Amino acid sequence: MKAPKYSPTWFPPDQFKLGGRTWTTELVHRRGQWAGTCTPSHCRIRLNLRCIESDEEMRHTFIHELLHAVAATMGWKSFYRNEGKIDALACLLTQFEATAVWRG
Numbered sequence: 001m002k003a004p005k006y007s008p009t010w011f012p013p014d015q016f017k018l019g020g021r022t023w024t025t026e027l028v029h030r031r032g033q034w035a036g037t038c039t040p041s042h043c044r045i046r047l048n049l050r051c052i053e054s055d056e057e058m059r060h061t062f063i064h065e066l067l068h069a070v071a072a073t074m075g076w077k078s079f080y081r082n083e084g085k086i087d088a089l090a091c092l093l094t095q096f097e098a099t100a101v102w103r104g
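1 is the number of the first residue of the sequence shown in the working numbering; add one for each residue after it.
Simulated from the structure, these hints should not be mistaken for lab results.
Just to be clear, a hint being listed does not mean it is correct.
Straight line, CA to CA, 25 angstroms or less: simulated SDA-like cross-link-like pairs of lysine to any residue [as the list claims (entries may be wrong)]:
| # | residue 1 | residue 2 |
| --- | --- | --- |
| 1 | Lys17 | Glu57 |
| 2 | Lys85 | Arg59 |
| 3 | Lys17 | Ser41 |
| 4 | Lys85 | Ala35 |
| 5 | Lys85 | Glu97 |
Every value quoted in this text rests on a predicted model; they were computed, and no experiment measured them.
Generate coordinates for the entire structure from the input sequences, incorporating the hints supplied.
In structure tokens form, the structure reads like this:
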């Protein structure tokens, strides 16, 4: 098996809840050109380390897939399928997460 392109130092949550359902996050090494997938029927997000090259990309991909999970939970089918809007919002939320300065 091909080694990952980088060794992560940032990791997404192993699990979280949305709408009362427990979701899991899996880090995988799979062939293909996909960095992440969201499978609402299994409450699962997968991040493909073969296609992710940095912690920033890992954060962005997780947030992107999390937005798919939120859209599925809310029943927003049109938004769930709109990769452009999902990715644009993921870019902004990734920027927020990376630059936020919290009091204390």
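These are the hints, each one checked on the structure:
1. Between Lys17 and Glu57 the CA atoms are separated by roughly 23 angstroms; this keeps the pair inside 25 angstroms, and the hint holds.
2. The straight-line distance between the Cα atoms of Lys85 and Arg59 is roughly 17 angstroms, inside the 25 angstroms bound, and the hint therefore holds.
3. For the hint linking Lys17 to Ser41, the alpha-carbon distance of about 14 angstroms falls within 25 angstroms, and the restraint holds.
4. Between Lys85 and Ala35, the direct Cα distance comes to roughly 17 angstroms. Compliance with the 25 angstroms bound is thereby established for this hinted pair.
5. Under the criterion of a C-alpha separation no larger than 25 angstroms, the hint pairing Lys85 with Glu97 is consistent with the structure, at around 18 angstroms.
Every hint, counting from the list given before, is met by this structure.
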